[in-house]
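All chains, full assembly: derive it from the sequences and hints.
Each chain is listed here by its residues.
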Amino acid sequence: MEILLAAAIGVLVAAAAYLLLARDLPRALLGFVLLGTAANLSIFAAGRIGTMVPPLVDQGERALAADAANPLPQALVLTAIVIGFGLAAFTLVLIRSAHDAFGTASADEMDEAERPDETPGPAAVAPAAASPSHRREAA
Amino acid sequence: MRQVLLVAPILIPLAGASLTALLWSRPAAQRAVGLASAIALFVATLALLAQVIAGGMVVGQMGNWPAPFGITLVVDHLSAAMLAITGLMGLAVAVYAMGPGARERDRAGFPPLFHALLMGVAGAFSTGDLFNLYVWFEVMLIASFGLLVLDRTREQLDGGLRYVMLNLVGTTFFLLAVGLIYGLTGTLSLADLARVAPGVENQGALAATAVLLLVSFGAKAAVFPLFNWLPASYHTASMPVAAIFAALLTKVGVYAIIRVFTLVFAHDHALFGPILAGIAIATMVVGVLGAAAHYDVRRILSFHIISQIGYMLIGVALMTPLAIAGSVLYIVHHIVVKANLFLVAGAMRQVGGSFALARMGGLWVSAPLLGILFLIPALSLAGIPPLSGFWGKFVVIRAGLEAEAWLLAFVALAVGVLTLYSMIKIWNEAFWKAAPQAAPRAEWTRAERIATFAPIVALCGVTLAIGLWTEPFAAFSLAAADALLDREGYIAAVLGPNAVRLAEAAP
Amino acid sequence: MHASLILRVSAPLLLWVPAVVSLYLLVRGHNAPGGGFVGGLVAASGLVFHAIARGQAAAMQVMRAPPAAWCGAGLLLALCSGLLAWIDPAAGYLTHRWWFPDLPVTLPLNTAFVFDVGVYLAVIGTITAMAFALVAEE
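Residue numbers (my numbering), protein chains in the order written: chain A, 46 to 184; chain B, 38 to 544; chain C, 8 to 145.
Derived from the structure by calculation, the hints contain no laboratory data.
One or more of the hints may lead you astray.
To be verified - Distance condition first, Cα-Cα at most 20 Å in a straight line; then the derived SDA-like pairs of lysine to any residue:
no., chain 1, residue 1, chain 2, residue 2
1, B, K470, B, A393
2, B, K470, A, A152
3, B, K462, A, T164
4, B, K462, B, A329
5, B, K470, B, I409
6, B, K462, B, S391
7, B, K462, B, G408
8, B, K462, B, V322
9, B, K462, A, E154
10, B, K470, B, L406
11, B, K462, A, P161
12, B, K470, B, S391
13, B, K462, B, V402
14, B, K470, A, T164
15, B, K470, B, S403
Given below as structure tokens:
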């Protein structure tokens with residue numbers, strides 16, 4: 046079971062890495078969702094796995110059954126899922142606004158943020174005026 | 038009373054965020070509540086700082102669940118100092134945000150997001166639990182996403198997406214590291230981790246998780262080579278937002294690195310010390326060179342954030358008391374100065390009409406007071422005595438020399454000179470040279486003027502105070518360093534003498 | 008956006024049935040699986056359905072206050088639920104208090120439930136805010 050989980054995590058991370066490299070932003074977002082799933086699975090695998098008894102205290106008892114599942118990874122994973130969901134939803138809204146503004150969802154075609162600076166007149170500036178972003182555009 | 042003060046830095050911004058969200062349709066009341074909340078936060082963090090100085094570490098178990106099981110809030114010297122500075126920045130920026138453009142910002146949702154950001158930052162500074170730190174990071178992150186794209190301009194959307202994407206991956210790495218650490222040690226309480234970590238059998242795997250954490254915190258702190266998102270996004274934000282980001286966001290990453298590597302992975306210092314030193318050197322150099330190549334005030338300042346992060350890592354790279362004290366002093370000084378420079382840049386834009394150095398000029402003639410208010414933080418950033426930056430750099434470099442880390446000390450000195458070059462560049466272009474075109478006359482009301490200049494003047498005062506009365510600040514930094522290096526003290530304070538040991542019940 | 012006739016007619020059902028179920032989940036969460044978070048999700052899904060079927064304005068009208076206000080109210084409630092912990096000044100924040108008043112039925116009054124209600128409101132506010140932003144008419 047543990048080997049299976051480890052393999053699943055490995056496959057998820059690989060797929061996530063591939064998607065995250067995409068210039069298409071919705072794809073990259075899917076990559077993030079997959080990476081989050083891999084992280085959640087790894088937390089889950091880090092607790093005990095194998096038991097099917099839910100970590101709930103039965104009526105009249107004062108402690109968990111001895112073979113109950115570990116409740117902590119479940120709580121952590123639940124929190125992480127909620128947060129990951131919120132982040133993904135927000136990013137989706139953001140990508141949508143960007144799509145409305147630029148007419149594209151490709152990171153390559155959005156180049157507003159790193160325009161080269163206007164440089165002061167030649168008297169004031171040394172030849173090193175080209176900014177990194179400028180050079181990247183030239184390349 | 039100590040318990041109330043302990044959670045106050047989290048609860049006050051939470052109340053501020055929820056009340057400002059509730060008062061959405063009443064701008065006047067919203068503004069008053071926001072300001073009151075910022076003032077209350079500042080007062081509460083100062084009281085907490087006084088409590089820590091007088092009575093040592095403040096520890097509280099949320100919901101009275103004992104230490105390794107529940108969520109612990111721990112405020113030691115470093116945390117208290119960071120919280121107090123968060124309070125100061127929150128107040129300064131809250132006042133500044135009432136300046137020009139306030140109405141549009143309030144409509145776009147600035148107040149609730151701003152207070153949510155403060156809550157996330159305060160939570161990250163006070164938590165004593167790794168997973169809880171992750172949660173606070175996310176609170177901060179979501180709020181910062183919203184703040185960054187407040188105006189929804191094309192520039193902001195592009196910069197915002199770059200920021201969001203890198204940070205999403207960074208925090209997922211954090212989550213992955215949390216999972217692996219839990220698997221290795223069976224605990225996530227920082228104090229319990231510090232107790233268990235040296236005895237973990239598989240030290241290689243533990244070191245790997247440490248690297249994952251370093252990557253994730255490093256992305257937050259914008260260290261080399263994970264800094265690209267910062268200069269791509271900060272300069273697009275509106276000025277109050279950029280100022281609070283510059284002051285606090287990267288510093289949370291630095292704080293997390295300091296906390297984790299002095300507490301949990303201290304036994305592995307032989308491995309991580311040189312790595313961190315290398316990162317520190319590369320970060321300082323890359324940041325300052327990037328700044329030298331730019332001609333937009335906001336972008337120059339953004340790159341300087343990166344270069345200064347390098348100085349803050351020197352402490353944890355060398356791990357001597359003096360070096361860590363230097364880092365603490367440096368962080369405090371840097372937050373004040375950097376935020377102030379962004380505030381000044383906003384005022385320069387208001388007076389001079391632009392952020393681009395090519396279009397600015399003659400500000401020394403039209404606004405001499407602004408010139409002086411620029412020079413104080415700018416020279417302090419470069420490390421000119423007797424301003425606060427001099428003492429920060431002095432302690433850090435001296436610690437480097439004492440530890441015989443010659444390269445580190447030399448780079449720190451050289452980067453200081455290059456910082457001065459950038460600051461002189463801004464001075465020459467914006468203040469000294471003749472105005473290239475008649476700047477449009479700034480139209481702002483008296484109230485907006487006061488809102489803009491009051492925080493700038495106050496922060497200049499703090500810079501001068503740190504510079505001229507360094508003694509108490511230096512003594513505090515040394516005490517903070519001692520507290521950070523006293524791991525046994527931290528563990529005992531959190532877990533108590535006869536704590537339930539969670540790790541023995543590891544899965 | 009034009010929803011189908013079936014969706015428009017069943018919209019009230021899709022709004023109020025989840026709302027009732029969500030309240031049940033909220034109260035049940037006291038001692039069994041359930042609670043404010045799931046309850047909030049269920050209630051919010053009803054509101055989102057309503058927004059899809061009858062348009063965002065109709066859903067906003069059902070909610071009466073903007074989503075941000077729901078969120079704020081929820082957070083405030085959750086915050087206040089923790090304050091009673093300081094009946095004992097040395098207790099940690101969020102230490103929950105219980106009362107069992109002398110009534111014919113057992114009525115466990117406690118602050119943890121108030122916290123859960125806060126979560127419920129905050130979740131409704133957050134989910135609807137995000138969903139409305141996504142389905143916003145061009």
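Evaluation of the provided hints:
1. B:K470 with B:A393: holds, 14 Å
2. B:K470 with A:A152: violated, 38 Å
3. B:K462 with A:T164: Measuring from Cα to Cα gives roughly 12 Å; hence the hint holds.
4. B:K462 with B:A329: This hinted pair holds, its Cα atoms lying about 9 Å apart.
5. B:K470 with B:I409: Within the cut-off at roughly 16 Å; holds.
6. B:K462 with B:S391: holds, 16 Å
7. B:K462 with B:G408: OK: K462 of chain B and G408 of chain B at ~13 Å, within 20 Å.
8. B:K462 with B:V322: The hint holds at about 18 Å.
9. B:K462 with A:E154: violated, 32 Å
10. B:K470 with B:L406: holds, 17 Å
11. B:K462 with A:P161: Holds - the C-alpha atoms of P161 of chain A and K462 of chain B are around 17 Å apart, at most 20 Å.
12. B:K470 with B:S391: holds, 15 Å
13. B:K462 with B:V402: holds, 17 Å
14. B:K470 with A:T164: Holds. K470 of chain B to T164 of chain A sits at ~14 Å (cutoff 20 Å).
15. B:K470 with B:S403: holds, 12 Å
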